[in-house]
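Asker: Sequence order for the protein chains is B and H.
Going by this note's numbering, the residue at position 630 of the first sequence is 630; the numbering climbs one at a time, nothing skipped.
Going by this note's numbering, the residue at position 79 of the second sequence is 79; the numbering climbs one at a time, nothing skipped.
Note that these hints are calculated values from the structure, not bench results.
The model shown is predicted, which means the values in this text are computed figures rather than measured ones.
Worth double-checking, as some hints may not be accurate.
[To be verified] Incomplete in silico selection of chain B near chain H, CB under 10 Å:
#1 I211
#2 E212
#3 I213
#4 S509
#5 A564
#6 A597
For each residue, glycine too, the CB sits at the ideal point set by N, CA and C.
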Amino acid sequence: MGAIASDTESAPRYGHHRFLLCFPTFPGRLSSEPWEVHRLVTLIIMKGQGFKIFLIAFFVVLSGWYLYPTVRSYFINQRLNSLEGEARVEYERENFQTIQKVNQEAIKLGLDLQGGMQVSLELRVDALIRELATDPDQTFEEVLAAAHEEARLGNQSIVDAFVAEFERRDPNVRLSRYFRNEARGITRRSSNSDVQAYLRAEADEAVNRAIEIIRQRVDRFGVTEPSIQKQGTRRVVVELPGVDDAERVRRLLRGTARLEFHLMADPGELQRSLQRIVEHYQTAEADTTARGAAAQDLATADTSAAAPGDTAFNVGDIVSGGVEQQASTGNPLLDVLQPVGQGVQFGFVAERDTAAANQLLSAPEVQAMLPTGVTLMYTSSPVATMEDGTELYALLGVRKEVELTGDVITDARVEFSQTNQPEVSMTMNAEGASDWARITGANVNRPIAIVLDNLVYSYPTVINRIPNGRSSITGLESQQEAQDVVTILKSGALPAPMEIVEEQIVGPSLGQAAVRAGVICLIVGFFTVALLMVLYYRTAGLVANLALFTTIFLIFGVLAAFNATLTLPGIAGIVLTMGMAVDANVLIYERVREELATGKSMKAAIDAGYSKAFSAIFDGNITTFFVGVILYSFGVGPIQGFAVTLMAGILVSMFCALVLSRLVFDYMVAERRMAVNFG
Amino acid sequence: MRLFEHTNFDFVGNRHKAYILSAVLMIASLISLVVRGVEVGIDFQGGMSFVIETDQPIPVGDVRSELADQIGIESEVKTYGQDAILIRTAAEGDITEVQEQILQTIQTAFPDSNPTVAGTDIVGPRFAEDLERGAVYSVIGSLLVIFVYILIRFEWRFGFASVAALFHDVLITLGLFSMFYGIMPFSLQIDQTIIAAFLTLIGYGINDTVVIFDRIREYMNMLKTEPFPIMVNRAINSTLSRTIVTGGTTLLSVIVLFIFGGEVLRGFAFALAVGIVVGTYSSVFVAPPILIELREREAKRAVTSRR
């Protein structure tokens, strides 16, 4: 600092009488009298201030350059909002490129200000591991489940937990047995650490592939300026401004798009299983109640359905209890499932009861009662509606074996059936077509289930062998759904299911309220701080306010330059920065006052004030800046926005206090020979 | 205007009173944290929150009991600005379903309210754990980085004193969050924004302390003959005006946030306001005295070892 402020000697010394400088005279003189400007320029060059002036001008112009699109975008959007109907469309078309460019370069508003939807998805690595394995056995499944649990609780990645758990159970285990993949260099002799590295690489790659696929899906969804970012190693954050059709987005993002063709259960066998399972729950219920309350006879037990007893039963009761109006049948399964016993249909389940039904039917002893190789799957859309408007879904018996997968699909598009129902018609490649011909040929007069992400979309009965590889998905609810299915099919299957781990929707009304609050805070905050500074430090306070104003302008410039997103906490950060930004000036001014009190000249006091305050300003700000860095690296979304404005505010306010206000003082004192009022 | 110029308060002489005040506040905070705990938001706990706008104000207590009775959802319901309520619940399940149930319940209980969902926030349990871990790391990380920096720029006693003061600030602010949640008319839930506020007040507190330490450092080089406590007292007095002015402007801007920032920023602004007051207090009454105690202990040890 001392090196720059080198003109102490040449400045005339002022006595203790300081005259007050009035604000209006200063800028007036500066701008209206050309010779003054000339003298200023000479002074700068002569006194080595050129670099400072250049720096300030450079940053201000740069900020202006970066902020220009934001301002333009504001006016264009104003214009757009004032136009209506055709005029608006016309204007949009004419200025399409400008609008796009300007919007892209403008400071982006976070979802909390703009309204929209944010979804964080996480790749199910456990599912991926299972997918990669050949012939996974019972141990494999157990280890995988344990690893999943461990990864959930601890800090370990699931791949590491998986390998560790396997080795814990059997130190001599050879994981290459499950994961042989010659193409990727995993042979029978590969070590466990090779396998571990391979799995890790696969998981990394799967996330990247998933991002690509999600990007394609989102692009087709037609959102303006979506943002898709990888977070950490396994997560993807998708931001969709202006979207609030949450359910559709969830379906679109989460769908693995696993299209499969399955054969279905033999009707006779399925019906016998159904009977046995219903009977099983009949007795199970009676048993538990009898055990729980030995004195009660069976008749009372049947009516006291709400009595605590069997856990499975309780789960069903809790889930359906609040809304369930119909009288209990005494059989927990029949409470949630209406048995059908016709063809491949197992039973009907109301949407709200699906969780309870799944709970009951997933019990191992119940699974064992199903025909071998058969599993139960829901239909994608309701098959019937009850009188009270409850929609019923059918549970179907489907053979587990996958006959054909979606890999063979080369094209898909929306079509309409004769009855004007939307359907997705698909074309297969040659290999798929020949398989399809074989499968349909061998199963004439039998149903084939078309399954997408574990839901049966349709199960048409084969009438003839289909030679040309044509198939279609029917049973879609709307054209929109058909379109989404096409989108999912075309963008390809996700390597593993994605789970939604966090989701946030901000409605437009909340966003507007937040913007209003932010703007009010900025304005009121600025004037409050500015007023206080002028009251306390008089002329010097005005200089501090000039620095403060420039600080805010530069902060916005930094945000625009770094393409940062402005969030409500971000605005809060700026308002807070206003309060703290004056700190550097306060430190300097207090020093200057102290120095003046010792009888130093104005010039000398300012010099001393600046150089002595520097270490405190620097140390204090650097530590706060570190805190900002930490906040940025650990925070997510809006908090990062706050951290960015905090960091930008610290750097910019230091610059403004040390360089800009210093320059103004030097000009006032050294050149204009004024005494500045420090209050 | 000049306030606090040429003051000569005996901060150091009265430091034992400050010790008592700080001790009382810290113990009260600890007790409250153990007994009452803090209200943890869904960010760190997992769960769902819904902002529901209605045509007319509806009593939040009734909404709560209706939700509990009708659909068995334990929730926390608060007013949210005008004609809107915030429902938070730890319930798990299908988002769409829960949302639908809540809307229906409100519609049935208050037929004229016409509820619409204005915003939702869902945090899965695993995501919440990660956020929690991140929050803990960032607070610890900040304290560590500050300690190391002060260590490099000053000496270890300064680093220890400043981190101790920061710890004091964070503990008391957290304690106030614990004592007052449920009592204040606004949410005092600990969520991500509050953690950001805590880190900011750590930043603010260290800034405040460093300014005083800087002056102590300066006097240590300038006035070598003076006893250390007197030097410290001088340093505090000569920076007092700055401490008050900066504290004032920052507090003002935080109050602006509190009043005009809307529901989202209210808890955040409250944390900062409390933190600024406590932080300013501790940079005068806690950090420098700790420095003195450390020096004196050292001096005594030096005396005993010389014997």
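Asker: Would you pick out the hints that fail for this structure and give their numbers low to high?
Answerer: Hints 1, 2, 3 and 5 contradicted; others consistent.
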